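**Student:** Add chain L to chain S, keeping to what the hints say.
Here the protein sequences come in this chain order: S and L. Mapping to my numbering: the first sequence position 256 is 256, numbers consecutive. Mapping to my numbering: the second sequence position 364 is 364, numbers consecutive.
There's no promise every hint is true.
[What the hints assert, rightly or not] EDC-like cross-link-like pairs, simulated, lysine to aspartate or glutamate; straight-line CA separation at most 20 angstroms: (1) L:273 / L:94; (2) S:73 / S:88; (3) S:385 / S:347; (4) L:163 / S:61; (5) S:73 / L:194; (6) L:2 / L:140; (7) S:73 / L:200; (8) L:345 / S:61; (9) S:73 / L:390; (10) L:163 / L:309; (11) L:273 / S:200; (12) L:122 / L:94; (13) S:345 / L:313; (14) L:345 / S:200; (15) S:365 / S:396; (16) L:73 / S:205; (17) L:144 / L:61; (18) L:73 / S:170; (19) L:365 / L:390; (20) S:144 / S:201; (21) L:273 / S:313; (22) L:73 / S:200; (23) L:163 / L:94; (24) S:73 / L:205; (25) S:345 / L:309; (26) S:144 / S:170; (27) S:163 / L:390; (28) S:273 / L:74; (29) L:73 / S:112; (30) S:273 / L:313.
[As the list claims (entries may be wrong)] Just the calculated beta-carbon pair ranges, DEER-fashion: (31) S:323 / L:242: 17 to 25 angstroms; (32) S:107 / L:254: 24 to 32 angstroms; (33) S:93 / L:46: 46 to 54 angstroms; (34) S:208 / L:162: 33 to 41 angstroms.
[As the list claims (entries may be wrong)] Anything over 10 angstroms on all C-beta distances counts as not near chain S; from chain L, calculated: (35) 106; (36) 140; (37) 226; (38) 253; (39) 258; (40) 271.
Treat the hints as calculated values from the structure; they're not laboratory data. All of these numbers come straight from a predicted model, not from anything done at the bench. All C-beta atoms, glycine included, are put in the ideal place defined by N, C-alpha and C.
Protein chains: 2
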Amino acid sequence: MKATIVTIGDEILIGQILDTNTRYISQALNRIGIVVHQQISIGDTAQQITTTLDQALSTTDLTIITGGLGPTKDDITKHTLTAYFNSELVYNQEVGDFVSQLLARRGIAFTELNRGQAMVPKCCTVLHNAHGTAPGMMFERDGKIVISLPGVPFEMRHLIDDKVIPMLAERFTLKSIIHRTMITSGIPESLLAERIAAWEDALPEMLHLAYLPAPNIVRLRLSAYQVEGQSVGKIIDQQFELLRQIIPQAVVGFEDASVEQLLHNALIERGEKLSVAESCTGGNIASKFTAMAGASAYFMAGVVSYSNDAKSDILGVNPELIATYGAVSEQVAIAMAEGVKRVGKSDYGIATTGIAGPSGGSAEKPVGTVWFGISTPERTFAVMKNCGTDRGQIIERATAHAIRLLYDNL
Amino acid sequence: MKATIVTIGDEILIGQILDTNTRYISQALNRIGIVVHQQISIGDTAQQITTTLDQALSTTDLTIITGGLGPTKDDITKHTLTAYFNSELVYNQEVGDFVSQLLARRGIAFTELNRGQAMVPKCCTVLHNAHGTAPGMMFERDGKIVISLPGVPFEMRHLIDDKVIPMLAERFTLKSIIHRTMITSGIPESLLAERIAAWEDALPEMLHLAYLPAPNIVRLRLSAYQVEGQSVGKIIDQQFELLRQIIPQAVVGFEDASVEQLLHNALIERGEKLSVAESCTGGNIASKFTAMAGASAYFMAGVVSYSNDAKSDILGVNPELIATYGAVSEQVAIAMAEGVKRVGKSDYGIATTGIAGPSGGSAEKPVGTVWFGISTPERTFAVMKNCGTDRGQIIERATAHAIRLLYDNL
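The following block holds chain S by itself, in its conformation from the complex:
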């Protein structure tokens, strides 16, 4: 079974918002064995919606549309679908009652526009939206399915998880799609490809290999489409085991685990504690750890010591060190790492101090210069790395490098 995902909205075409709905729906469809064939974003015009539906219905079995279901005049998806399926809009009492209750709970009056949201095409099956005022709708023609969902991500996700996926999984007997990813580090993509060429050439025909390069990391994904899940899962495991024997030092993990997830798991398992002192990364390292459920088992404290006073007052960095060597220095990075380890009563301390720019750089310490301090139960050390030229890039790279440094020194 193949699917098309269509997102509708001028705000996507002009780049005002980033479309995250498509990825969410793609993951959900893959999990139940539906192949996403294409993803299309178009504007709020009836002609484009109609043309795209024609193309999607002639190419794939299932089309999922998000967006354009709001109460205002710029949203035309529902009217276009009604015309496309030669239907008419009728008032749906159940939707109307639900919307008026929902608005009443929020203390908002039920308007004529909200009444319009309870009008649905006569020919569709309504998918109840428990979290918003625009219902989902399902249409069928010649064995093909078209599903229209609101574009608000939160509402869309609930409709996908609670209505669409259970319905599709029950109605169709689908084979599996399997994706497994091995994470390697330390071998550049082109060298890696040469090292594993013989293994790649000998892969069973059903397995597709993809290389996904990122800074310091190459992910290798094996995919199999529309297969018997369990047996193919075992074949992939065997292939990855063969691969591991070829590049044993380079394998750092599996699936899409990030280094912070590996560290998270390791610290929980070892019962050890971590605290983080950040200057240039400004809380980004702390937020990576605390985003993971269970972080409170090991994450004790984070200190964003942006000012020099904060470095001294909170972390106990000797002000003379800052005066002598500057805030961005090996000495201060070490003092910050030791300071936060002590203040946070932890086994490990991470510290960053650098120049995120755009201003503040000098010939000796240009924008992008970052000192990293790592304090472990055994020792404390600092290393310097230039993390680029753009503020956002510097923050992200310094965050990744700091986490990697601790992981390598656990």
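**Tutor:** Chain L alone, transformed into the frame defined by chain S:
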């Protein structure tokens, strides 16, 4: 002039990565007056690339493709384009020399696969990629342009900014596309639409109004396509001024400024300082501020006081308060806000303490319960809000609410 943006890669179709390239390219094209007509993501198959190129060339004047230019076997974009344009691959000495120098600087050997990256279709114009091993390529047929760029976001962005946009802007005389956005808060979308209906109906025909709802906020965007920029800009300003007179209390800003940006600007202008104490938001609030260039002018310190000890040791929260009322309480939120204001020597303190889940909730304090403390030069207070059920959602909502609370109490 109309454009199609095509991103190629199975990793996008299966939802393994989020496509951010399309948005970047869309924004860049809009700025120089090129209308993005459609955005399409497809897999790494020659047939799909060919079909999509046929459709794009018959619909729009410019097609920009990213992805599928890596050195490994799963990347087939270059070979497919070579066949599509009836060309042949030839070795490009300049690209080859650059790639070997680039790899040498990184201490990586130049392999046969890298040599393959210096092979380019004879008929294309090479766009020099100063940041990676895969060059950009430009093709022309019957007055239509096709540009192929690497999918690595960093390399793609440099090619767009340094090569593609200057070339297009020089070659074509384009009218302007104008988007201006007014940010409103406090009036739900359907009520807002009723309040401003007469204004909306009287808008000049060239202006298109879009409603962009988000939690607590509705953005109103006026767009005009292929117009004389300066004069239409003035017309939009006049229309927004009329609108402001209708809903004076609701207007909180313009363009896509976030509340943290408004606060950032206000604090710099007023010369006031801010420090932040975070429990459940785990550094996310600090990282929002410190991501903005110039934050060091007002951002003094952030404390991620995840453990109870950190709340007492670093922020000076009386342990008895925690023992009596619990860490997630009005009293502790107030003590944290006052504590971080004092420790960070600031004019304002923000504090969050809550239950981000998935565990840690109780009947009395379910997952999602968050107490917010705000300390200003005049007073300190705390409010409670339930921020949802999902850990990521709770962190994001609590972050947005905390920033909004301070903004409203500046």
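**Student:** Would you mind marking each hint as holding or not holding in the structure?
**Tutor:** So, going through the hints one by one against the coordinates:
1. With a C-alpha separation of about 53 angstroms, the suggested pair residue 273 of chain L and residue 94 of chain L falls outside the 20 angstroms cut-off, and the hint is violated.
2. The hinted pair formed by residue 73 of chain S and residue 88 of chain S meets the criterion: a straight-line CA distance of about 18 angstroms does not exceed 20 angstroms.
3. For a cut-off of 20 angstroms, the pair hint linking residue 385 of chain S to residue 347 of chain S is broken: about 24 angstroms separates their Cα positions.
4. The suggested pairing of residue 163 of chain L with residue 61 of chain S is violated, with an alpha-carbon distance near 40 angstroms, which exceeds 20 angstroms.
5. A threshold of 20 angstroms between alpha carbons decides the hint, and for residue 73 of chain S with residue 194 of chain L the separation of about 11 angstroms falls inside it, so the pair holds.
6. For a cut-off of 20 angstroms, the pair hint linking residue 2 of chain L to residue 140 of chain L stands: about 15 angstroms separates their Cα positions.
7. Between residue 73 of chain S and residue 200 of chain L the alpha-carbon distance is near 10 angstroms, which keeps this suggested pair within the 20 angstroms criterion.
8. As the CA atoms of residue 345 of chain L and residue 61 of chain S are separated by approximately 62 angstroms, the hinted pair breaks the 20 angstroms bound.
9. As the CA atoms of residue 73 of chain S and residue 390 of chain L are separated by approximately 32 angstroms, the hinted pair breaks the 20 angstroms bound.
10. At roughly 54 angstroms between alpha-carbon atoms, residue 163 of chain L and residue 309 of chain L are farther apart than 20 angstroms, so this suggested pair is violated.
11. A hinted pair counts as satisfied when its Cα atoms are at most 20 angstroms apart, and residue 273 of chain L with residue 200 of chain S does not qualify at roughly 57 angstroms.
12. Using a Cα cut-off of 20 angstroms, the hinted pair residue 122 of chain L and residue 94 of chain L holds, with the two alpha carbons roughly 14 angstroms apart.
13. In summary, the hint linking residue 345 of chain S to residue 313 of chain L is supported, as the alpha carbons are separated by about 10 angstroms, within the 20 angstroms threshold.
14. The straight-line distance between the Cα atoms of residue 345 of chain L and residue 200 of chain S is roughly 60 angstroms, outside the 20 angstroms bound, and the hint therefore fails.
15. Between residue 365 of chain S and residue 396 of chain S, the direct Cα distance comes to roughly 19 angstroms. Compliance with the 20 angstroms bound is thereby established for this hinted pair.
16. Of the pairs offered as hints, the one joining residue 73 of chain L and residue 205 of chain S holds, with about 14 angstroms between alpha carbons and a cut-off of 20 angstroms not exceeded.
17. Between residue 144 of chain L and residue 61 of chain L the alpha-carbon distance is near 5 angstroms, which keeps this suggested pair within the 20 angstroms criterion.
18. Between residue 73 of chain L and residue 170 of chain S, the direct Cα distance comes to roughly 38 angstroms. Violation of the 20 angstroms bound is thereby established for this hinted pair.
19. A C-alpha spacing of about 15 angstroms is found between residue 365 of chain L and residue 390 of chain L, which places the hinted pair at or below 20 angstroms, so the restraint holds.
20. Simply put, residue 144 of chain S and residue 201 of chain S have alpha-carbon atoms about 38 angstroms apart, too far for the 20 angstroms limit, and the pair is violated.
21. The suggested pairing of residue 273 of chain L with residue 313 of chain S holds, with an alpha-carbon distance near 16 angstroms, which does not exceed 20 angstroms.
22. Taking the CA atoms of residue 73 of chain L and residue 200 of chain S, the gap is near 10 angstroms; set against the 20 angstroms cutoff, the hint holds.
23. The straight-line distance between the Cα atoms of residue 163 of chain L and residue 94 of chain L is roughly 17 angstroms, inside the 20 angstroms bound, and the hint therefore holds.
24. A hinted pair counts as satisfied when its Cα atoms are at most 20 angstroms apart, and residue 73 of chain S with residue 205 of chain L qualifies at roughly 14 angstroms.
25. Distance check on the hinted pair: residue 345 of chain S and residue 309 of chain L sit about 8 angstroms apart at the alpha-carbon level, within 20 angstroms; holds.
26. In summary, the hint linking residue 144 of chain S to residue 170 of chain S is supported, as the alpha carbons are separated by about 16 angstroms, within the 20 angstroms threshold.
27. For the given pair, residue 163 of chain S sits about 19 angstroms from residue 390 of chain L by alpha-carbon distance, which is consistent with the 20 angstroms threshold.
28. Using a Cα cut-off of 20 angstroms, the hinted pair residue 273 of chain S and residue 74 of chain L is violated, with the two alpha carbons roughly 42 angstroms apart.
29. Our distance criterion of 20 angstroms between C-alpha atoms is broken by residue 73 of chain L and residue 112 of chain S, whose separation comes to about 57 angstroms.
30. As the CA atoms of residue 273 of chain S and residue 313 of chain L are separated by approximately 16 angstroms, the hinted pair is consistent with the 20 angstroms bound.
31. For residue 323 of chain S paired with residue 242 of chain L, a C-beta distance near 57 angstroms fails the hint of 17 to 25 angstroms.
32. At about 28 angstroms, the beta-carbon gap between residue 107 of chain S and residue 254 of chain L stays in the expected band of 24 to 32 angstroms.
33. In this structure, residue 93 of chain S and residue 46 of chain L meet the distance hint of 46 to 54 angstroms, their C-beta atoms being roughly 52 angstroms apart.
34. Separation of residue 208 of chain S from residue 162 of chain L is about 34 angstroms and conforms to the stated range, judged on CB atoms against 33 to 41 angstroms.
35. Distance check for residue 106 of chain L against chain S: the nearest CB is about 8 angstroms away, which does not clear 10 angstroms, and the non-interface claim fails.
36. Non-interface status of residue 140 of chain L relative to chain S is upheld: no Cβ of that chain comes within 10 angstroms, the nearest being about 24 angstroms off.
37. Listed as outside the interface, residue 226 of chain L is consistent with that label: its C-beta sits roughly 13 angstroms from the nearest C-beta of chain S, beyond the 10 angstroms cut-off.
38. A cut-off of 10 angstroms between C-beta atoms confirms that residue 253 of chain L is not in contact with chain S; the least separation is 15 angstroms.
39. Non-interface status of residue 258 of chain L relative to chain S is upheld: no Cβ of that chain comes within 10 angstroms, the nearest being about 13 angstroms off.
40. With a cut of 10 angstroms on Cβ distances, residue 271 of chain L stays outside the contact zone with chain S, its closest approach being about 14 angstroms.
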